[in-house]
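The primary structure of each chain is shown beneath.
There are 4 protein chains.
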Amino acid sequence: MDRKIIIDCDPGNDDAMAILMALSYNDIDIIAISCVEGNTVVKQCGINALRVLQAADRMDIPVFVGCDSPLLGERKSSSPYHGHDGLGNVPDPSAPDESFIQQEHAITALIRLSKQYQDDVHLVAIGPLTNVAMAIRMDSKFGTRFKSCNIMGGNYQGVGNVTPCGEFNFYFDPEAAYVVLNQLKCPITIVPWETCVQHAISFETHTKHRSFNTKKAKLMKAVDKHSVDHVLAKGHNNFIPADEALMACFLNSDVIKNSIHMYATVETKGEYTSGQMVIDWRKHLNKQANVTIVTDLDQTLYEQTMENALK
Amino acid sequence: MDRKIIIDCDPGNDDAMAILMALSYNDIDIIAISCVEGNTVVKQCGINALRVLQAADRMDIPVFVGCDSPLLGERKSSSPYHGHDGLGNVPDPSAPDESFIQQEHAITALIRLSKQYQDDVHLVAIGPLTNVAMAIRMDSKFGTRFKSCNIMGGNYQGVGNVTPCGEFNFYFDPEAAYVVLNQLKCPITIVPWETCVQHAISFETHTKHRSFNTKKAKLMKAVDKHSVDHVLAKGHNNFIPADEALMACFLNSDVIKNSIHMYATVETKGEYTSGQMVIDWRKHLNKQANVTIVTDLDQTLYEQTMENALK
Amino acid sequence: MDRKIIIDCDPGNDDAMAILMALSYNDIDIIAISCVEGNTVVKQCGINALRVLQAADRMDIPVFVGCDSPLLGERKSSSPYHGHDGLGNVPDPSAPDESFIQQEHAITALIRLSKQYQDDVHLVAIGPLTNVAMAIRMDSKFGTRFKSCNIMGGNYQGVGNVTPCGEFNFYFDPEAAYVVLNQLKCPITIVPWETCVQHAISFETHTKHRSFNTKKAKLMKAVDKHSVDHVLAKGHNNFIPADEALMACFLNSDVIKNSIHMYATVETKGEYTSGQMVIDWRKHLNKQANVTIVTDLDQTLYEQTMENALK
Amino acid sequence: MDRKIIIDCDPGNDDAMAILMALSYNDIDIIAISCVEGNTVVKQCGINALRVLQAADRMDIPVFVGCDSPLLGERKSSSPYHGHDGLGNVPDPSAPDESFIQQEHAITALIRLSKQYQDDVHLVAIGPLTNVAMAIRMDSKFGTRFKSCNIMGGNYQGVGNVTPCGEFNFYFDPEAAYVVLNQLKCPITIVPWETCVQHAISFETHTKHRSFNTKKAKLMKAVDKHSVDHVLAKGHNNFIPADEALMACFLNSDVIKNSIHMYATVETKGEYTSGQMVIDWRKHLNKQANVTIVTDLDQTLYEQTMENALK
Ligand SMILES: [Ca+2]
Ligand SMILES: [Ca+2]
Ligand SMILES: [Ca+2]
Ligand SMILES: [Ca+2]
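Residue numbers (the working numbering), protein chains in the order written: chain Y, 236 to 546; chain S, 236 to 546; chain C, 236 to 546; chain Z, 236 to 546.
Hint data in this document are derived by calculation from the structure and do not stem from the laboratory.
Taking lysine-lysine pairs in the DSBU-like style, the calculated list, with each CA pair at most 30 Å apart, reads:
1. C:Lys-469 - S:Lys-492
2. Z:Lys-311 - Y:Lys-518
3. Z:Lys-311 - C:Lys-522
4. S:Lys-311 - C:Lys-522
5. Z:Lys-522 - Y:Lys-311
6. C:Lys-311 - Z:Lys-522
7. S:Lys-492 - C:Lys-492
8. C:Lys-522 - S:Lys-469
9. Z:Lys-278 - C:Lys-420
10. C:Lys-522 - Z:Lys-278
11. S:Lys-278 - Y:Lys-382
12. S:Lys-522 - C:Lys-469
13. Z:Lys-376 - C:Lys-278
14. Y:Lys-350 - S:Lys-311
15. Y:Lys-492 - Z:Lys-469
16. Y:Lys-376 - S:Lys-278
17. S:Lys-311 - Y:Lys-518
18. Y:Lys-278 - S:Lys-382
19. C:Lys-311 - Z:Lys-420
20. Z:Lys-382 - C:Lys-278
21. Y:Lys-311 - Z:Lys-518
22. S:Lys-350 - Y:Lys-278
23. S:Lys-350 - Y:Lys-350
24. Y:Lys-311 - C:Lys-311
25. C:Lys-460 - S:Lys-518
26. C:Lys-350 - Z:Lys-311
27. C:Lys-518 - S:Lys-311
Here's a subset of chain C near chain Z, in silico, CB distances under 8 Å, partners left out:
28. Asp-303
29. Ser-375
30. Tyr-413
31. Val-414
32. Gln-418
Bear in mind that the values here come from a model prediction, so they are computed numbers and not experimental data. Here a beta-carbon is modelled for each residue, glycine too, at the ideal position from N, C-alpha and C.
Take the sequences, apply the hints, and build the full model.
Spelled out as structure tokens, the structure:
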């Protein structure tokens with residue numbers, strides 16, 4: 236039986252790649268893509284999602300645009316990693332324009348679809364969690380209608396990528412991450428930043444994946460050049476996929492080699508730790524486990540999942 | 236020309252009275268009443284609003300129900316002041332039931348109506364600001380469509396009524412108050428808690444207003460008994476209307492004897508000061524004035540406005 | 236019988252004036268002056284104290300130097316109000332040099348003197364409270380040995396002078412203010428910032444006080460020029476003494492026209508409210524009253540006290 | 236040449252063991268032991284230190300008592316792990332009483348000794364950092380006189396032992412830890428909690444070390460029974476030394492198998508993360524490295540160091 240999913244994202248190169256990965260699975264039915272402000276402004280995220288769908292000849296999938304800033308409304312500047320347009324600053328003149336974006340707001344679409352596909356749909360959230368938190372706040376039962384929610388974000392050893400302890404998705408909207416972890420009420424699986432770092436890929440692998448003669452591979456090759464240059468300029472010797480790791484774990488649970496099941500929440504008040512995921516290792520908080528945190532991946536399977544997406 | 240208003244509220248005795256005050260003005264056209272969790276659970280707030288409308292024979296005004304908890308989702312317990320049902324624990328068996336509440340969610344209704352009556356409608360917000368903040372977050376231009384927003388909430392001298400520095404409406408959802416003050420983008424007038432305290436009314440006046448032989452006066456007399464008993468038990472020698480003060484200022488600007496025009500924001504991180512309104516008296520923050528804070532009322536006019544509402 | 240006092244201060248023009256006020260009272264015996272980082276660096280504060288004592292021919296009073304930064308160690312820049320040297324940038328070549336400062340550290344001196352004059356000495360604290368908090372931390376019984384502690388600092392209506400809600404002395408070291416209010420354990424009287432503002436003096440009065448043909452008046456006239464120019468440049472039409480108000484209240488309790496007796500603490504976590512004094516108006520915190528806050532002064536008596544100091 | 240050290244501690248079983256480890260090294264000269272509130276009240280910590288010295292026939296080493304609560308003055312309850320007396324609730328009637336504690340306060344002793352042995356003394360800090368922070372605040376140059384400071388405390392992967400993210404020593408006085416890391420200004424080596432956990436010892440090893448026929452081994456066997464019982468009751472299958480790990484690294488640097496050199500600070504504002512050590516992995520804060528964090532130990536050498544201490 237097909238698995239229905241809604242992807243909430245902020246494309247973003249790694250979101251683009253994650254969408255392509257989902258599209259490469261025959262048993263996955265993407266009901267909708269909802270976009271949120273993050274790697275770039277939300278409308279551009281919507282256009283980027285369309286551009287990915289076009290490359291995969293799947294313009295039938297509806298794309299919705301949601302919140303244009305985090306819950307408290309203060310946008311933090313995005314990392315230069317994805318380019319100002321979120322897709323490596325290589326615009327495609329033949330890309331779909333915003334007229335292809337659905338008129339309905341992502342929040343109401345998310346709530347409507349959660350009811351329409353109740354108990355038969357998964358949420359895959361690979362951007363800041365603003366849209367998801369807003370849906371919860373408008374409809375307390377929103378999360379209960381999903382079979383699972385799968386999140387790329389946060390950290391479990393205090394390692395950040397935009398501040399000392401802040402991973403981008405959670406740091407960008409700590410309050411939303413707090414709401415989602417504590418109030419979503421469906422099984423949550425998280426791939427945190429440290430797991431992504433631990434499972435970086437070599438530049439050889441990265442290049443190999445993007446050398447296929449497909450529209451999809453060509454798109455990813457073009458848009459990733461900016462990130463690769465950025466990473467090389469910093470002297471790093473490998474490439475860290477993020478949303479791809481979460482998507483691989485969702486698509487094929489065999490990719491998950493190890494995980495922990497714990498209560499986790501999000502710090503929203505810290506001076507240095509705002510947006511950090513807080514893991515209650517020793518049950519000091521006396522709360523029920525609410526998340527499964529993926530701590531180790533099967534690297535071979537993981538890389539195959541990415542490779543297959545671009546073939 | 237009529238003034239169109241939307242009342243966002245959490246009835247609440249003082250909300251009930253404020254609605255009756257608005258209804259007593261011939262030139263006021265209440266487009267909608269939207270309810271928010273606050274003095275009691277949000278659905279009960281909706282039913283309470285209907286009960287007030289019934290007493291005024293104005294069941295034609297649509298009542299919407301919005302968010303059932305503050306932005307971050309943690310409900311703080313309400314004050315015992317209003318009774319557990321928000322209206323003094325004197326249920327009326329002939330009150331309208333929840334079937335009279337509109338199906339549409341208050342947030343989408345607020346946004347829709349802001350467009351329908353663009354530039355010709357005022358917002359009167361006399362509950363926690365969750366609904367208003369949510370509407371802003373879903374639609375950044377929400378606030379720009381209102382001629383004004385009028386808020387009962389916060390404080391300007393650090394005086395709280397539920398914590399040392401926290402007034403109920405702002406303390407109940409500090410993040411929402413923060414969003415509204417900083418991102419609503421229409422003229423905002425606030426009646427803070429200190430102004431309400433300064434303009435308490437005598438029990439004689441309170442009783443007199445509730446002694447008319449009208450359905451409205453009888454309703455207010457019945458539902459206020461709980462609050463009056465509560466206040467007397469604490470040894471206070473007067474009664475402090477709150478939402479009424481804001482409504483009076485809005486209905487008749489002559490009620491405003493003094494006000495200040497300043498930049499104000501809301502503390503969301505403090506240990507003791509969460510929810511406190513922060514006034515930038517000396518322009519340390521170098522921001523444009525965003526609120527007019529009413530600091531003094533014409534007591535006579537104010538009391539007349541209340542009296543007229545129950546005649 | 237003489238009243239023995241220790242003055243902990245950060246001169247500072249208003250500290251200078253406050254010291255002169257104390258010296259003008261025959262029944263006041265200044266046991267020691269201890270200095271703390273605040274208006275300028277702590278060693279300069281010590282030299283400034285000596286300069287004041289020299290002008291009053293009281294070089295017999297020992298001056299101690301204490302902490303060179305607040306408890307957490309991060310110096311906030313001082314207001315330009317007092318000049319970079321704390322005394323209006325008019326150095327006196329014949330002023331005493333640092334060799335006249337006592338070798339003993341102010342903290343150990345404070346503790347030693349508190350024991351020597353146990354139950355017979357008052358503390359007058361008119362700078363950031365770092366020294367006092369350190370003395371408490373080294374010796375939990377420190378405060379119990381004083382008949383009273385008299386503090387200029389904080390606010391009771393959320394009005395700041397260096398941030399929206401932060402008065403200089405409390406904001407400069409919020410943690411110290413927190414420690415002192417909660418752990419000093421002797422009667423505390425506070426003159427907060429709002430009371431100082433309410434009892435500003437006219438420039439005429441200011442000039443008149445500084446026109447006497449005394450060394451003291453000449454000193455104050457010289458060092459105050461910088462502040463007066465600063466205030467005039469800002470367009471203010473009066474002059475706000477601060478430490479003088481506290482000293483006047485201590486020297487002559489008739490200066491106090493009104494005060495409140497409450498539990499108060501200090502916010503140390505707020506984003507906007509760090510250093511704000513928190514007043515528990517309605518006993519939400521269920522704590523015993525720990526401070527007397529002076530809210531109104533007898534202006535005539537107050538001004539006489541200042542005038543007499545310079546005659 | 237002998238290495239002179241001052242041990243600042245809160246004995247505590249693991250402090251006791253760490254002191255014995257230091258005493259077992261012929262080239263180590265313990266100049267002083269200063270005690271701080273932590274595992275138990277500070278005076279009891281002093282008595283406990285004396286009891287350890289008595290067991291090792293080294294009553295010649297002076298023991299000082301310092302601060303009786305953390306910088307901000309609010310004591311957090313100690314873990315039940317060490318017993319209410321800090322040494323497993325097996326009092327020794329023949330233990331030295333408090334008359335053997337030095338009269339001088341630990342803070343002034345620390346400062347005095349830092350001058351006396353300037354550039355020739357190491358600080359080993361295995362309790363909350365209150366005393367050390369106080370010494371810094373009283374004398375900004377305090378830390379510069381030490382060859383090194385060696386700290387057991389904090390964490391580098393967000394793992395706490397008393398709160399989700401709080402290790403006892405840092406959580407007990409986060410502000411002091413903040414001051415020490417940022418303002419001590421001598422080379423700092425830290426053994427964080429995760430490294431201790433990673434290098435737990437088996438109960439067999441624990442028992443073996445305590446089975447020697449020496450006064451020292453008998454003392455440790457007696458006082459550790461309470462902790463062992465506590466750990467067994469929780470179902471743990473090994474025993475986690477903490478202060479011992481730091482002391483082993485200091486005594487024999489070959490015990491350190493791996494370490495990182497980074498900028499680290501301490502969160503003091505977080506709701507869940509107060510006291511967490513914050514590691515600036517990617518130099519987001521643009522600060523110079525200030526700590527060496529030990530991340531791996533040579534287990535064999537480590538255990539030998541402990542064994543030798545009790546022989
Ligand atoms: Ca993403
Ligand atoms: Ca209300
Ligand atoms: Ca001063
Ligand atoms: Ca210890």
